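Engineer: Spelled out, the chains give:
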Amino acid sequence: MSPCAHAEQQEPDAPPLHNDHHRHQTYVELYHHGLHHVKSSALLCAVGLGIPGAIHRRGGAATVSDLVSGTGVHPAKRAQLRRLMRMLACFGIFGAAGGDEGESETVYTLTPVSSVLVGDKDKEASATSSASSPDMSALLRLLARPSTSVSTFFDMEEWFRDGGTTTLFETALGVPPWSLTKSDAAYNRAMNEACVADTSLSMDIMLKDTSGGASSVFGGGRLTSLVDVGGGHGAAAIAIANAFPHIKCTVLDLKQVIDNKVPPAAAAGTDRIINSTVQFVAGDMFESIPPADAVLLRHVLDCWDDEHCVKILGQCKRAIPGREAGGKVIIINVVVGYGSPDKLVKETQVLFDMYMMRYDGSEREEHEWREIFSRAGFSDYKITPTIGFHSIIEVFP
Amino acid sequence: MSPCAHAEQQEPDAPPLHNDHHRHQTYVELYHHGLHHVKSSALLCAVGLGIPGAIHRRGGAATVSDLVSGTGVHPAKRAQLRRLMRMLACFGIFGAAGGDEGESETVYTLTPVSSVLVGDKDKEASATSSASSPDMSALLRLLARPSTSVSTFFDMEEWFRDGGTTTLFETALGVASWSLTKSDAAYNRAMNEACVADTSLSMDIMLKDTGGCCGGGGASSVFGGGRLTSLVDVGGGHGAAAIAIANAFPHIKCTVLDLKQVIDKVPPAAATGTDRIINSTAATAVQFVAGDMFESIPPADAVLLRHVLDCWDDEHCVKILGQCKRAIPGREAGGKVIIINVVVGYGSPDKLVKETQVLFDMYMMRYDGSEREEHEWREIFSRAGFSDYKITPTLGFHSIIEVFP
Numbered sequence: 001m002s003p004c005a006h007a008e009q010q011e012p013d014a015p016p017l018h019n020d021h022h023r024h025q026t027y028v029e030l031y032h033h034g035l036h037h038v039k040s041s042a043l044l045c046a047v048g049l050g051i052p053g054a055i056h057r058r059g060g061a062a063t064v065s066d067l068v069s070g071t072g073v074h075p076a077k078r079a080q081l082r083r084l085m086r087m088l089a090c091f092g093i094f095g096a097a098g099g100d101e102g103e104s105e106t107v108y109t110l111t112p113v114s115s116v117l118v119g120d121k122d123k124e125a126s127a128t129s130s131a132s133s134p135d136m137s138a139l140l141r142l143l144a145r146p147s148t149s150v151s152t153f154f155d156m157e158e159w160f161r162d163g164g165t166t167t168l169f170e171t172a173l174g175v176p177p178w179s180l181t182k183s184d185a186a187y188n189r190a191m192n193e194a195c196v197a198d199t200s201l202s203m204d205i206m207l208k209d210t211s212g213g214a215s216s217v218f219g220g221g222r223l224t225s226l227v228d229v230g231g232g233h234g235a236a237a238i239a240i241a242n243a244f245p246h247i248k249c250t251v252l253d254l255k256q257v258i259d260n261k262v263p264p265a266a267a268a269g270t271d272r273i274i275n276s277t278v279q280f281v282a283g284d285m286f287e288s289i290p291p292a293d294a295v296l297l298r299h300v301l302d303c304w305d306d307e308h309c310v311k312i313l314g315q316c317k318r319a320i321p322g323r324e325a326g327g328k329v330i331i332i333n334v335v336v337g338y339g340s341p342d343k344l345v346k347e348t349q350v351l352f353d354m355y356m357m358r359y360d361g362s363e364r365e366e367h368e369w370r371e372i373f374s375r376a377g378f379s380d381y382k383i384t385p386t387i388g389f390h391s392i393i394e395v396f397p
Numbered sequence: 001m002s003p004c005a006h007a008e009q010q011e012p013d014a015p016p017l018h019n020d021h022h023r024h025q026t027y028v029e030l031y032h033h034g035l036h037h038v039k040s041s042a043l044l045c046a047v048g049l050g051i052p053g054a055i056h057r058r059g060g061a062a063t064v065s066d067l068v069s070g071t072g073v074h075p076a077k078r079a080q081l082r083r084l085m086r087m088l089a090c091f092g093i094f095g096a097a098g099g100d101e102g103e104s105e106t107v108y109t110l111t112p113v114s115s116v117l118v119g120d121k122d123k124e125a126s127a128t129s130s131a132s133s134p135d136m137s138a139l140l141r142l143l144a145r146p147s148t149s150v151s152t153f154f155d156m157e158e159w160f161r162d163g164g165t166t167t168l169f170e171t172a173l174g175v176a177s178w179s180l181t182k183s184d185a186a187y188n189r190a191m192n193e194a195c196v197a198d199t200s201l202s203m204d205i206m207l208k209d210t211g212g213c214c215g216g217g218g219a220s221s222v223f224g225g226g227r228l229t230s231l232v233d234v235g236g237g238h239g240a241a242a243i244a245i246a247n248a249f250p251h252i253k254c255t256v257l258d259l260k261q262v263i264d265k266v267p268p269a270a271a272t273g274t275d276r277i278i279n280s281t282a283a284t285a286v287q288f289v290a291g292d293m294f295e296s297i298p299p300a301d302a303v304l305l306r307h308v309l310d311c312w313d314d315e316h317c318v319k320i321l322g323q324c325k326r327a328i329p330g331r332e333a334g335g336k337v338i339i340i341n342v343v344v345g346y347g348s349p350d351k352l353v354k355e356t357q358v359l360f361d362m363y364m365m366r367y368d369g370s371e372r373e374e375h376e377w378r379e380i381f382s383r384a385g386f387s388d389y390k391i392t393p394t395l396g397f398h399s400i401i402e403v404f405p
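These protein sequence lines are chains F and L, in that order.
Here the first sequence stands for residues 1 to 397, where the numbers follow the UniProt record's numbering.
Here the second sequence stands for residues 1 to 405, where the numbers follow the UniProt record's numbering.
Since the hints were made in silico from the structure, they are not lab data.
One or more of the hints may lead you astray.
[To be verified] Okay, the calculated beta carbon distance ranges per label pair:
1) L/Ala79 x F/Gln256: 25 to 33 Å
2) L/Ser230 x F/Gly59: 19 to 27 Å
3) F/Arg318 x L/Gly174: 57 to 65 Å
4) F/Ser65 x L/Ser69: 30 to 38 Å
5) F/Trp178 x L/Glu379: 50 to 58 Å
6) F/Ala76 x L/Gly224: 44 to 52 Å
7) F/Ser65 x L/Gly385: 28 to 36 Å
[Claimed, not checked] Far from chain F, some chain L residues (derived; all Cβ distances over 12 Å):
8) Thr63
9) Thr165
10) Ser221
11) Ala285
12) Gln287
13) Glu295
14) Arg326
15) Gly385
Quick caveat, the model's predicted, so the values are computed rather than measured.
Beta carbons: idealized from backbone N, C-alpha and C, even for Gly.
Excised from the complex, chain F in its bound form:
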């Protein structure tokens, strides 16, 4: 029986401290769980209003009055803005100082999280800006996007009762995401901008990790060519080429992605010097992958079910040399339960898995990865937890 069932059998007048504390915790937790959606919406709102940028423009500290004059918030909503900021500060998204007893205005400051939500325009306008803080607001705008993210979970109960193969996304929006990106320009832009933002920060973190992570995966000299499959507009490949100039990088993606390639300078989202050796090839990873020492699959396999993953991996295996010759497939994805024991990382991994579930993707545990590697004919693998909540998996033929 569960601990709670045991508690239920206690006399009503049993030691009140334990019982009452137990129920207090339950009551608060229930509200906390039920209301947590408000935080995602509130943060999205603050980003949309440009609050991180407004704080940045004032040198990193601002009062609510400053924010009213520095954003588009209407003065009549000043009291509500204070409450919004109070909530976000309570969650550590902004820092707060002063304001006790309402006698002086609270001063809000940037934290590591809100600093990466300062828009590029605001950073460019400031002498203190640094390329090390790319604008991540686009990522947040996708993850908490009302129509294509939050609302897609509204009918999850009915979806679980239905035996069909329609995804949550299709159930909510009538079409799959790849189809919506063609018909809905705003969604397409939201997806592309989020991908650029995510790549900019995550690749930067990963490639600068000199403690045996990326340098052992990409470095060492044996790797002289790499194909980034599903590499989009090349942000990841460009980052790798910049960090490891000896590797010739190619991006393989669908024709409509390659054709819509934005200028590399904008794609990287930074002012980093562009390495002109990155090449772009249009093609279908289920048909053929250009030969290289290594194939990179970054956030690709979690979009597909096991059957499709085995097919993709089969094509990768054909594209690379044997293990003795240094061939390998490099996968960057979540390995659920792997990496930092930090509760925040574990929670983010399972939240992301649910997010991917809404269009039939999944984040796998190690034993699930092992199974598809084996079915695709690979002999061995090595997982390196990288910074963040993802891992790098090297798979050897």
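Assemble the complex: chain F is given as a structure, and chain L must be docked to it using the hints.
Structural biologist: Relative to the frame of chain F, chain L by itself:
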């Protein structure tokens, strides 16, 4: 300058551990913040599927296979159900044991949170059920309700830019909340059921608080002591709180004041939402009066305002408090107003409590309500002509405020 601004000025090759850890934390936190809405939806889904009840019916432990056969989940969705349960277990909503390396099925168990989400039907069917765990799923269904809660925040950015007085709720749904309860029977039912569920647990916690935790005596000092012989629960709905008080303090004659359309629908036996034995003396003693708190409040030793003032702006609160003051005797005669509401920043220093308080404040903001800090409460008490007040943090994230004329 902020600490981060300082970090930005470091050389790119500065101590990698510190810099990388800093950025790692930021990256994970950003995803965590952006995706947290999924948890509310997922929990709502699990409750709708009856998962807590299915676990309960199996004696408190169940595998995913058990859950597929014990709920309406289609067998084709078994793998997805496992992932849903894995996520909820990671957040402590269910317990999980076994299942390592996928070689055996994980066994899911109930935790304190999921135990209060077991439906009443499931509890009635089980010999081990206890009245001490009321079904709180109705509360969750309101807080995370897609149309009347989650979606009302979608246009918050535009709302902040607009100078009008339309609430977020009205912006999203076209009508005010009280108006929607009249036209939308499902919403009205969701509101009433949530109120009953919340009252059932919170009043039970509060009234059983014998002072061991808070030190200040809690409910017994607020309601006990013999000086209080009558109380009016203003906005008391179907009487759940008043009945709970009357059961706990039989010497107090309790009256519920609410609007006519609320009083007309009072179902006394169902009001408490539990199978607790109704104190027939109390049930007889609790009276229901239809009226408008802005017009007149029946006289009593004390007026109870539970979750009333946070629904109104300061001007309206001062008017309500003015009517309360007229209804009670002077301080020397023991008259007081008892307010049960959040006092933001008050009570347990626990981060969970603080976070819940500010989340609830945003929730109330969507229909022009607010949760106040102590200095804000003090201001409206003063404007309404009260001389003093005393705050007792109660369990949960609310406080009891006694206000003296």
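Engineer: Broken hints, numbered, in rising order?
Structural biologist: 2, 4 and 9
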